[in-house]
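I would like the entire structure built from these sequences, with the hints used as guidance.
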Amino acid sequence: MTDQRSQAEIVRQSLKRRYRKERRFRAYGILAIAIALSALVILFADIIGKGYSGFVKTTVTLDVQLDGEMMYIDDATDERQLKMADFVEPLIQALMKEIPGATEEDRDAVRDLINPYASVTLRDALQANPDWLGTTQTMTFLTHTDVDVYVKHGDDDAYSIKLTEEQQAWVDRLLEQGLIDTSFNDVFFSNGDSRDPSKAGVLGAIVGSLLTMFVTLVLSFPIGVAAAIYLEEFAPQNKFTDFIEVNINNLAAVPSIIFGLLGLAVFINLFGMPRSVPVVGGLVLTLMTLPTIIISSRAAIKSVPPSIREAAEGIGASKMQVVLHHVLPLAMPGMLTGSIIGMAQALGETAPLLLIGMVAFIVDVPDGFFDSATVLPVQVFLWAGSPELAFIERASAAIMVLLAFLISMNALAIWLRKRLERRW
Amino acid sequence: MQASTLLLLTFVLAVVAYGLGYSRSRALAMPLGGIRHLKSLPFYYGARAALWCIIPGLLVLGMWAAFQDKVIQMLVIGSLPAELVPDTQGRASLLLSKISNVASGALPPGFVEPPVAEAAERLKALRQQSQVYMTALVISVSVLAGFLGWLRIRPRLNARAQVEAILKWLFFACAALAILTTMGIIFSVAFETFRFFGKISFVEFFFGTNWSPQTALRADQVAAEGAFGMIPLFTGTLLISLIAMVVAVPVGLLSAIYLSEYANKRVRSTVKPLLEMLAGIPTVVYGFFAALTVAPFISDFAASLGIEASSQSALAAGSVMGIMIIPFVSSLSDDVINAVPQTLRDGSLALGATQSETMKKVIFPAALPGIMGGILLAVSRAIGETMIVVMAAGLAANLTANPLETVTTVTVQIVTLLTGDQEFDSAKTLAAFALGAMLFLATLLLNVIALKIVRKYREQYD
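For the record, the sequence lines run as chains A and B. Take the first sequence: its position 82, counting from 1, is numbered 82 in full-length UniProt numbering, and each next residue is one higher. Take the second sequence: its position 307, counting from 1, is numbered 307 in full-length UniProt numbering, and each next residue is one higher.
Wrong hints could be hidden among the right ones.
Stated by the list, open to error - Which residues of chain B face chain A? A partial, calculated answer using Cβ under 7 Å:
no., residue
1, 114
2, 356
3, 416
4, 418
Stated by the list, open to error - What follows is a list of derived Cβ distance ranges for each label pair:
no., chain 1, residue 1, chain 2, residue 2, range
5, B, 127, A, 325, 44 to 50 Å
6, B, 37, A, 315, 53 to 59 Å
7, A, 238, B, 127, 45 to 51 Å
8, B, 416, A, 17, 25 to 31 Å
Hints listed in this document are in silico derivations from the structure and should not be mistaken for laboratory results. From the three backbone atoms N, C-alpha and C, an ideal C-beta is built for every residue, glycine too.
In structure tokens form, the structure reads like this:
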């Protein structure tokens, strides 16, 4: 009897320690989740913190006197004269007027406040309105990237301010007067890449991504669904079918860069297709996403209850009619969801596209499937590699655009699943 | 006509063939007393005609589009005067790009030798010819095949069976594409790898401890031969993967345990999607984060402790990669833990064990093989991961185990060797394919083993 009591005693005594262990174990779990979630939060905060200013542009509003004599032009409808004319001088003069105390010696310093492309803007404006010659117009131009950096990050030590003290004083004054101002960066959404950060935009990359995704979707969805139908409904139970399945499962786990090697060796070197074009990118991403789409489509087909099949067969439908008329429509929501998720993966994919040459510096917005293009993640990669902090800001902003696309695609997939999925 | 327009046209032709086949079957059925005297519904006669029309057309179009550039290039090179015919593949591609630049107008013809300008003219002419031939051939094949299909429509013809058979074959072809892809990978990688080993010895590649693939631009240059020892790449890859695993396995596993054993339904349904979000973030974003935030932080932090750390340390790339892999580990372990039968759990709890004791002493040992399989899959993902290391790890192939130093990985080298213009037969580019082959084999092996373990484990409890 005494022995038993002492055993119960031992258990009771150890309980405290065991409960402490229990609590500690639970705390480890919470800690792990906290680490994972804080990584997510830090990642997002970091990118938003670095990139929100990418959506802001700095402009300067000037009263530009379009003096024909100063610009060496007497007829604004003459193409040749427009080409030869000096469009920088009126800008400098206009800005000099706003800066009291700026002398002729400061000309270069004043010029360096205006974006190098501002003269092109002015030329295009004059070309569009030839009667402006000789008048004074109030126009808004982009500032130089250095001014942009100073206005947005003047008090941030991470950024190196390239303006001189004098220039900084001018910019401060112009800011107070409201001549230099910040606004929503529409340039970022209407331009391709550029060597000048203030002119660089994501439109080219977005269009490139859309073209590539279009090719991927058009190829991978039908092929993936067809393959899934074959494997689920028609494939005989034999070695060959097993072999196909093993292949699909392995391809799903092959590193994406290997698909880039395949694309380089087969599409570019064997078939002689051009580099850096959306078609080749789309083909490579198709091969990469197919396993994902096949696997999710098979799961969708499997979830259709056998009673549907049996009912259709019972009233005399052929096997193909059962599948195409009954199983496929019912499995469609699941297939669509899986495909959207696969497409989201493909949209964020970078490595294989680097190998097929989609990393070129491309200024123009691509206008076709065979036009050199880049895609959003590659654009992020290109800008992230730049030593200029202004480009890093653009890269973060481009990441936000990319994440916005991905989040909306995933939200669409979730919505589709909630909306269309049936429980049997 | 452009290939893409032609593609659209073939589809239009198929639609026309469908309409014609449909109406012909109805017309044939009319005198017999309505479509119930047809063997199949008119729809199938139409579909059959459309398939007859479109399949040969698309096949011809696909083959032509795939091979036309290669054939034209060969014809152009072949027609060059003897002294200009390039002797190496590298020169050939250089000359070809020159010719095509002249042809596209990017390079004025006056800037190049007259034969090259002539070749550019020929290239242009051949391209135009090719397009004309392709258009004519595709349209005539489609129309002819569609016509034949249309002609053979009879009331007794079992169009449905034929259409279904064709569809089944199409479905089969789509499924078999997976095999084709695997073969494509194996052949494209293997072929170049064999050529690589023709230049660089087996022993040097596998056992060399020096990696610097600078091949000489001129033949007489000093250090004309690069060094191709893959050991530093291999250890670099392992070091970064190891760091990633050190981050991902405990965090992933413990959060999976907490979510499956302790968390209530509400917590689970909010935390799980958030964790999965980590898996949905593109790797280039992680690379950006690693290179521009984590790496400077680590090197500053180390400097404040008086330790020297590289600005591209293995630790930065590895830890961010670990974060990326957390959801992968946690969802796989979640599956495995949930697959352990409830009876084991109940038995342990009934004996008076606490929840954590049940977890540690009963469920975890039972789930261990499955968890190991999941970890192997995660390792294979870590060694194949590219963007994080391309952006955050360095290029210098150091043979070191110090996580604060710069190391390089197999994937980084593949990207570095293959981006930009390259000659296709230099040891440098071939080395990239050899590395690709090693990567493919390593990940394949890991996956096969892991899947086997996971499957075996699943069978145990099913």
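Inset, instruction - Go ahead and decide if the range 44 to 50 Å is satisfied by the Cβ distance of residue 127 of chain B to residue 325 of chain A. - result: holds (46 Å)
Legend entry - Status of the hint placing residue 356 of chain B at chain A (closest C-beta pair under 7 Å): holds (4 Å)
Legend entry - Closest C-beta approach of residue 114 of chain B to chain A relative to 7 Å, hint status: violated (26 Å)
Inset, instruction - Could you see if the CB distance from residue 238 of chain A to residue 127 of chain B stays within 45 to 51 Å? - result: holds (46 Å)
Legend entry - 53 to 59 Å as the expected CB spacing between residue 315 of chain A and residue 37 of chain B, which holds or is violated: violated (22 Å)
Inset, instruction - Using 7 Å as the Cβ threshold, decide whether residue 416 of chain B counts as touching chain A. - result: violated (10 Å)
Inset, instruction - For the range 25 to 31 Å, tell me whether the beta carbons of residue 416 of chain B and residue 17 of chain A fit it or not. - result: violated (55 Å)
Legend entry - Interface hint compliance - residue 418 of chain B to chain A, C-beta minimum distance less than 7 Å: Status holds, d = 5 Å.
Hint compliance for this structure: hints 1, 3, 6, 8 are not met, and every other hint is.
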